[in-house]
Amino acid sequence: MGWFKRSPWLLHYNATSCNGCDIELIASLTPLYDLERFGIINTGNPKHADIFAVTGSVNEKSRQVLRNLYDQMPNPKVVVAVGICATSGCVFQDCYNVLGGIDKVLPVDVYVPGCAARPEAIIDGVLMACGILDEKYAQKKREKRRGAQIGHE
Amino acid sequence: MNGIYELMQEWYILERMLAFVLIAPLAGGLLAGIDRKVSARLQGRYGPPVMQPFFDVFKLLRKERIIVNKFQDFPILLFLLFTIFSGALFFAGADLLLTIFSMALAGTFFILGGFCVSSPYSHLGAEREIIQTLAYEPMIILTAVGMYQVTGSFKVADIAQYHAPLILYIPGVFAGYLYILTIKFRKSPFDLSMSHHAHQEIVRGITTEFSGPGLALIEITHWYETVLLLGIVYLFFAFNPWLALVMTAATFLFEIFIDMNYARFKWQLAFLSTWLFTAVAGASNIILLSLMQR
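Protein sequence lines, in the order shown, are assigned to chains Z and C. If you're matching positions, the first sequence starts at 638 in my numbering and goes up one per residue. If you're matching positions, the second sequence starts at 713 in my numbering and goes up one per residue.
In short, the hints are calculated from the structure, not lab data. Take the hints with a grain of salt, since some may be wrong.
[As the list claims (entries may be wrong)] Residues from chain Z shown here face chain C by an in silico Cβ test under 7 Å; the list is partial:
hint	residue
1	Trp-640
2	Phe-641
3	Pro-668
4	Asp-671
5	Glu-673
6	Arg-674
7	Gly-676
8	Asn-682
9	Asn-712
The C-beta atom is built at its ideal place from N, Cα and C for all residues, glycine as well.
Could you build the full structure based on these sequences and the hints that come with them?
Right under this line is the structure:
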């Protein structure tokens, strides 16, 4: 049980971020923080990914890409909004050109605040997302079983 | 240690094949885990647990099955079946040539799997895989030829029980085999078609369009492949089983070391250098041996 918790593969997308959070996200792969010790791999391929880490305060252009990437990921999947821009839009939220937060486009499961978000905070958020992955899988299984039971009746 | 051979001989061929089918994925997965751990340590990282490849596969099997077209998983299934078949033949002590040919067929199905989707990344990976196959295939056949020249038999059981050390007769062939082993293990500098490293896009190559259970099958196939390839390394030292085991482990660690130390080659260089090395080390060794035996 709990295989998702042990092997979460990560997809990272920069939705008009200033690159600060992206650098921190990549930094958490370095020997100092070493994300891989939790089995986390930065895949760069939506079809392999379980966790979608998004940075930046989404605009009209990146919205389509974001949606496209999310749709290509196989279930169960979770979205992690990394950085305060991805969480709420931060100081840019009133700007005409940004949507202000990933949750305007995708259902976000974990919010990691910070400008830029620290690698420790990112790792914490990603590990929290792992738990949600397992929950989502269990829930789907329950629904399937219930569906089968209803079918029998 | 010689008891293993006697035990093997007592079994029927089907039992030996079944033993391979059951034990090889455990050994291969463990080796993959050790690979990742050692690689991480060489990079100054802590690294994932040794059981990580098993966790990955169990997770992938639980993921949703997304396929691009209905043929996509079919070649991959054949890739797995033919790899298992060739490995089972090898460890049952059957013909080495047949093992090699069915391994080549398995590789062909993997390439077809890459070509049957429309992603350009996948196509690029499959094209590179073809070039790699072209690069390593001569040396694999030369390995079988060299072993035949020394022992007078293509049967793995006969080669494994040959009284003299094979490595003293065909050191060049062994060197050549070591060279192409890097390609077969998908290690740098030859991991053109797909890589296990945390790089992106093009590097995922053939596996780009595979997700969930399909990707799990590819992983499991690689475990079988690893065990089979290390089995061929074992044959070179089979006159002393303990030495052979140590050398097999040393070869595996050596490949990891090479992987960590080299950047990726361009395909031209990968292809040319492999054929050159095959000619210089492998072919010349066989020519010399045939002159000496005359």
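- Item | Violations among the numbered hints | The structure conflicts with no hint, since it agrees with every one listed earlier.
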